[in-house]
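Protein chains in written order, with the working numbering: chain S, 91 to 372; chain G, 91 to 372.
Please keep in mind that the hints were generated in silico from the structure rather than gathered at the bench.
Values in this document were obtained by computation on a predicted structure and should not be read as measured data.
Just to be clear, a hint being listed does not mean it is correct.
[Said to hold, decoys possible] Here chain S is said to cover these stretches of chain G; the calculated rule only asks that three of the stretch's residues, wherever they fall, bring their Cβ under 8 Å from a Cβ of chain S:
| id | segment |
| --- | --- |
| 1 | 97-108 |
| 2 | 115-122 |
| 3 | 243-255 |
We put the beta carbon where it would ideally sit given N, CA and C, even for glycine.
There are 2 protein chains.
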Amino acid sequence: MKIIRSPKLMQKICREIKQKGKIIGFVPTMGYLHQGHLNLMRIAKKKSDVLVVSIFVNPSQFGPKEDFQRYPRDLERDKRLVEKIGCDFLFCPKIKDMYPFGYKTYVEVCDLTKVLEGASRPSHFKGVTTVVAKLFNIVQPDIAVFGQKDFQQAVVLKKMVDDLNYGIKIIAAPTVREKNGLALSSRNLYLSSEQREQVKVLYQALLLAKEMIKKGERNPSKIISKMRELINKQPLADIDYISITDAKILEPLKKLKGEVLFSLAIRFGKTRLIDNIKVKVS
Amino acid sequence: MKIIRSPKLMQKICREIKQKGKIIGFVPTMGYLHQGHLNLMRIAKKKSDVLVVSIFVNPSQFGPKEDFQRYPRDLERDKRLVEKIGCDFLFCPKIKDMYPFGYKTYVEVCDLTKVLEGASRPSHFKGVTTVVAKLFNIVQPDIAVFGQKDFQQAVVLKKMVDDLNYGIKIIAAPTVREKNGLALSSRNLYLSSEQREQVKVLYQALLLAKEMIKKGERNPSKIISKMRELINKQPLADIDYISITDAKILEPLKKLKGEVLFSLAIRFGKTRLIDNIKVKVS
C-alpha cells in the first residue's frame, strides 16, 4: 500500500490507472476507522481493480461550534487497518493543500440539504459536497462507497453526482452495529460508560417504529410520539430531531407508503449521535 | 466530425479517448460562432489530439430579465464552421438533458464573482461555473480555451479549476476585433447601424486609458473620468461600469502597478457590450 499526501501526485497516479482501463473503487473517510468503514472498503475492493481510501478530517463540513478540533485521529492505527483490507493507495492530504490560502469555490445541493441533518447543521452538507467533488476530481473513481448511517449524505452525494455528470456509481452500504444495536461511529469514542448504556435507545426507537408499521400503524405523529416517549426514558438523552420522510427526496410524509426513512439525532452531553432505518411500507 | 446530443454518450466517448492516452482540447461555446470562437478552436486544436466543441445556450447564466430567449442561434451554420476548423466532436446537449426536472446542484466561486460583471449580473457566474463544471465532467478535457473578451469569466474558471482540483489547463486567448476595434461578440448582431457607428468607443476608451498610462498617468480616477468623457460623446452609449482592477484578483486598485485590467460594460439600447484590456504598469 502506498501512502500519498499530495493531491497532484494522487491525481497523476489515478490518471495512469484509468489510462490502463482499470476500475478505481474509492472510500472517502475522516479516519479513526471502525468496522463500518472497513466494510465499505471491502465492498469497494470487490467491485474494483484498484482501491483508494482517503483520510481527511474536512474542516469545511464542521460548524463553528462543532467538534472539528476534538474529532478523534489516529493515523498510525488507521494505516494498519487499511493495509490489512488490501487498500492500494491511502490518500491523506494536508488541510493547506486541500484548502490553500484564498480558497473560494463551493459545491452545493439545494433543498435536500436543508432538512434533517442540514436543518441542525446549516453549512455541513456544503462542506461535504465540496470536499467530495474535490476528492472525486483527484481520485477519478468509477465507484465510491458511503455508509447508510449517514443516509442523507449518500442521498445528497448521489444527487450531486447525477446533477454534475460525474458518471460515478455511488453505493450506500448497510450500517454496521454493535451487539446492542448502536451504529458504529468514530464519535462513539466520546461516550462515557453511563452514556454508553443509554445510547442503544436510538436503535431501539427505530425498531419500535418498524414494529408499529408492521402492526399496521400508518400515522407518523403517533409513531414519532411513541419513539419520543421511549427515548425520553433515558435521562441523558436530549432529542435533536425524530423524522419520518420519503427515503428518496427526504420530504416529510403525511401518509406512510413506499420507501420510508425513519431518522433521528440525539445528543448525549456534547456528543450528537445519528441513526436511521429504511422501511418498505405497503 | 461527429455531432453528439447525449451527455452520457459524450462522456463515454471521451473516456475511451482518454484511455488511449490522447489529449482532449475543449472549447465550450453558446454558438452563433464568430472568428473569436474559431480562433479559440484553432488554439485548442494545436494543443490537443482530439478537439471537442460544445454549443449550449446555458439558461442558468442568464438573469430573469436578460436575453436568453433572444440570444441568437444558428446551429446549421455553426456546424459548417466548426467542421471546417477540424473539430472531432460537436457536443450540442438539450436543456432537459443538462438540467433535468428536479436539478439541484450548483458550483460557486465566491468574491471574484461579486465584482465587475458579477455586480451587474448577480447570478451569472454561478450559472457559468455550474455548466462548465458539468461540461468538464462530461468531456474530461486536458485543455480548455476561453476568450479574453470575457476576462473575468476566465479568471473565475481558472479559480474553480484550481480549487476543485480539476487538473485542466485553462487558456485565455486574445480578443479578436473588427477593423474599427469592436470586440467580436454574438451579441453584436443586436446592433442597429446607428449603434454600430458608436460602439467602437468601447475600444477607443480602453486605448485612451493605455495611452494615459504610457504618458505617465497613475491616478485611476483621472483615467476613468477621461474614459467616461469620451464614451459620453456617443449619444446612444449608456455606461454600466468602467473599472480599473488588479488583473488576477479583480480588486480595485488605488495605485496602478503590475498587471492592471481596464474593463467596461456599456449599454446601447437593450444591448449590453463588454470589453477589456490588460496593461502592464511599471
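Coverage of the segment 97-108 of chain G by chain S, judged on three or more residues with CB within 8 Å: holds (count 5)
Coverage of the segment 115-122 of chain G by chain S, judged on three or more residues with CB within 8 Å: violated (count 0)
Confirm or reject the coverage of the segment 243-255 of chain G by chain S under the rule of 3 or more residues with a beta carbon closer than 8 Å to the chain's beta carbons. Coverage by chain S holds here, the residue count being 5 at a Cβ distance below 8 Å.
Violated hints amount to a single one, hint 2; each of the other numbered hints is respected by the structure.
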